[in-house]
Amino acid sequence: MLKHFGKYLLFMGSLVVRGESPRILFNRTIDEAILIGINSIMIVAIVSTFIGAVTCVQVSYNLTSALIPRSTIGFMVREMTILELAPTITSIVLAGKVGSNIAGGLGTMQITEQVDALEVMGINSASYLVLPKILASLFVFPMLVILAMFLSIAGGYVAGTATGALTAQEYITGIRDAFVPYNIVFALIKSVVFAFLISSLSSFRGYYTSGGALEVGAAGTTAVTNSVIAVLIADYVCAELLL
Amino acid sequence: MIEIHNIHKTFGDKKVLDGVSGVFETGKTNLLLGASGTGKSVLLKCIVGLIKPDIGSVTFDGTYFTNNKLDIRQEIRRKIGMLFQSSALFDSMTVEKNVEFPLKMLTPDMSKSERLDRVNFCLKRVGLEGANKKMPSELSGGMKKRVGIARAIAPNCTYLFCDEPNSGLDPLTALKIDKLIKEITEEYNITTIVVTHDMNSVIEIGDKIMFLYEGKKLWEGTRDDIMDTDIHELNEFIFANRLMRDAKKVEEREELEENERKSNQLK
Ligand SMILES: Nc1ncnc2c1ncn2[C@@H]1O[C@H](COP(=O)(O)OP(=O)(O)OP(=O)(O)O)[C@@H](O)[C@H]1O
Ligand SMILES: [Mg+2]
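Protein sequence lines correspond, in order, to chains X and R. According to the working numbering, the first sequence is numbered sequentially starting from 68. According to the working numbering, the second sequence is numbered sequentially starting from 9.
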């Protein structure tokens, strides 16, 4: 465990020494960002819309007291999705999607000697391949999380009004009630932390694959499980430190 | 000139290289000959530093390489063109992008059109003109090899390493590739190492041959000397090739007849 951690730190260090020119890094980062963004937007949209809808329905099911105004449902959907569900669930979904993709891609490049081919050209393969992936994730994850926030609140709206749990007016009053802008900042900070953990851990797992196709599959699985655990631990740590 | 000195490499408890030393000369095609699994690819990877030898050192034109500073190693590596046994094409890029890649990375001041000209020139030399837009997954094994060679020779390298450039190719294309490698070596006066177990290549392009057997260098010489060797393991290798076997038999018969004549004369 400690040995792995040390190796991980060394790996992170190797990303920033003797990299390629800023122009190449920039272009590679844009390419990776487009890939990560486009490949994930659909799944994030679907998951967050349903999360918002489910949250709304369940909250309204639990709020039976006539003393509490129905607009509280909207308020609670907003609080839950912005603070926790949008950043964390989105990141867990992305850990599966992006993490396995990164680990599988790098693992395949490693076992088919493509990484060696880069090295022989005098290119720092870790920096060339991995750094753009991490930078792109840091950039794209917060955008996906913002999208997830909007869509889950919209999902809540649709579910709430469609089931007749509350009126549109009540929902809108609810989501505007006692709004704390810092919560958005907090969610975005979390998403950046999660992005770093997922992309770097998955890259680490993929980059150090050796063997054959079987090991590439195993690297993908380990990447996802490690990322999910790291995200949940980081979620707790962020809440302790920042709230 | 590349010098290797006393290279040892062990994987687990398997000794793969056992003290290999030698010199690979500039302007010549140096062959690494040996049976499957004798450590040819491992030796090549030790030379370029992809595998770290347990003991031993490599120098490129007098510059110490193994264990030297990363800067210096990368500087030398930028002068290396290498074809891997598995071709190792970048499978997310088209053939054109694969061949263009080292140019993009190593010669940033080349313009886009100059690069494309060079790519087309290299593809033409390996007989793959017009395959620019294909993906590696759409190529046959032999075509991948040839793209790999085009990628290796695209930048003007000082050192060219080819791991079995003509395995998986038909005899005609294999001969073409062999000739291409020899041509490039002489034209640009570079240091070339070719890993092979093909005796046709030996006859065709073997300026200097190193024979590896179970991780040891058993024999070294030119293609002209190879028929005269009395190393049993190398002779077995030669006898596996029919034409060479026949040639060798003729030679031996002539030698026998000569000896007989001599002894008759003595009588
Ligand atoms: N990464 C590695 N880990 C463990 N053993 C290895 C590794 N690479 C090579 N070997 C072992 O080293 C020996 C030599 O392998 P190498 O690839 O150099 O053979 P070769 O001479 O190139 O053979 P071929 O002509 O079949 O390509 C083999 O027995 C192989 O099992
Ligand atoms: Mg080999």
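You may find that some hints are simply not true.
[Said to hold, decoys possible] Below, a list of computed lysine-lysine pairs in the DSS-like style, where the Cα atoms sit at most 30 Å apart:
(1) X:Lys-164 / R:Lys-105
(2) X:Lys-74 / R:Lys-256
(3) X:Lys-70 / R:Lys-225
(4) R:Lys-60 / R:Lys-225
(5) X:Lys-70 / R:Lys-105
(6) R:Lys-60 / X:Lys-70
(7) R:Lys-77 / X:Lys-74
(8) R:Lys-152 / R:Lys-60
(9) R:Lys-256 / R:Lys-187
(10) R:Lys-22 / X:Lys-74
(11) R:Lys-132 / X:Lys-74
(12) R:Lys-190 / R:Lys-112
(13) R:Lys-77 / X:Lys-164
(14) R:Lys-142 / R:Lys-132
(15) R:Lys-120 / R:Lys-105
(16) X:Lys-70 / R:Lys-256
[Said to hold, decoys possible] With the Cβ distance kept under 8 Å, some of the chain X side facing chain R (calculated, not the full set):
(17) Leu-82
(18) Glu-186
(19) Thr-240
(20) Arg-243
[As the list claims (entries may be wrong)] What follows is a set of in silico ranges between Cβ atoms, one per label pair, in the way DEER data are often shown:
(21) R:Thr-71 / X:Glu-151: 42 to 50 Å
(22) X:Leu-310 / R:Tyr-72: 55 to 63 Å
(23) X:Glu-282 / R:Leu-124: 54 to 62 Å
(24) R:Asp-79 / X:Ile-251: 26 to 34 Å
(25) R:Gly-149 / X:Glu-282: 16 to 24 Å
(26) X:Ile-101 / R:Tyr-72: 40 to 48 Å
(27) X:Leu-281 / R:His-240: 34 to 42 Å
(28) X:Gly-73 / R:Asp-26: 29 to 37 Å
(29) R:Tyr-72 / X:Ile-251: 22 to 30 Å
(30) R:Leu-180 / X:Leu-281: 33 to 41 Å
Just so you know, the hints here were simulated from the structure itself, not pulled from any lab data. For each residue, glycine too, the CB sits at the ideal point set by N, CA and C.
Hints, verified against the model:
| no. | hint | result |
| --- | --- | --- |
| 1 | X:Lys-164 / R:Lys-105 | holds, 27 Å |
| 2 | X:Lys-74 / R:Lys-256 | violated, 56 Å |
| 3 | X:Lys-70 / R:Lys-225 | violated, 38 Å |
| 4 | R:Lys-60 / R:Lys-225 | holds, 19 Å |
| 5 | X:Lys-70 / R:Lys-105 | violated, 39 Å |
| 6 | R:Lys-60 / X:Lys-70 | holds, 21 Å |
| 7 | R:Lys-77 / X:Lys-74 | holds, 20 Å |
| 8 | R:Lys-152 / R:Lys-60 | holds, 27 Å |
| 9 | R:Lys-256 / R:Lys-187 | holds, 24 Å |
| 10 | R:Lys-22 / X:Lys-74 | holds, 26 Å |
| 11 | R:Lys-132 / X:Lys-74 | violated, 44 Å |
| 12 | R:Lys-190 / R:Lys-112 | holds, 26 Å |
| 13 | R:Lys-77 / X:Lys-164 | violated, 39 Å |
| 14 | R:Lys-142 / R:Lys-132 | holds, 15 Å |
| 15 | R:Lys-120 / R:Lys-105 | holds, 12 Å |
| 16 | X:Lys-70 / R:Lys-256 | violated, 58 Å |
| 17 | Leu-82 | violated, 14 Å |
| 18 | Glu-186 | holds, 6 Å |
| 19 | Thr-240 | violated, 50 Å |
| 20 | Arg-243 | violated, 47 Å |
| 21 | R:Thr-71 / X:Glu-151: 42 to 50 Å | violated, 58 Å |
| 22 | X:Leu-310 / R:Tyr-72: 55 to 63 Å | holds, 57 Å |
| 23 | X:Glu-282 / R:Leu-124: 54 to 62 Å | violated, 38 Å |
| 24 | R:Asp-79 / X:Ile-251: 26 to 34 Å | violated, 45 Å |
| 25 | R:Gly-149 / X:Glu-282: 16 to 24 Å | holds, 23 Å |
| 26 | X:Ile-101 / R:Tyr-72: 40 to 48 Å | holds, 43 Å |
| 27 | X:Leu-281 / R:His-240: 34 to 42 Å | holds, 40 Å |
| 28 | X:Gly-73 / R:Asp-26: 29 to 37 Å | holds, 33 Å |
| 29 | R:Tyr-72 / X:Ile-251: 22 to 30 Å | violated, 57 Å |
| 30 | R:Leu-180 / X:Leu-281: 33 to 41 Å | holds, 38 Å |
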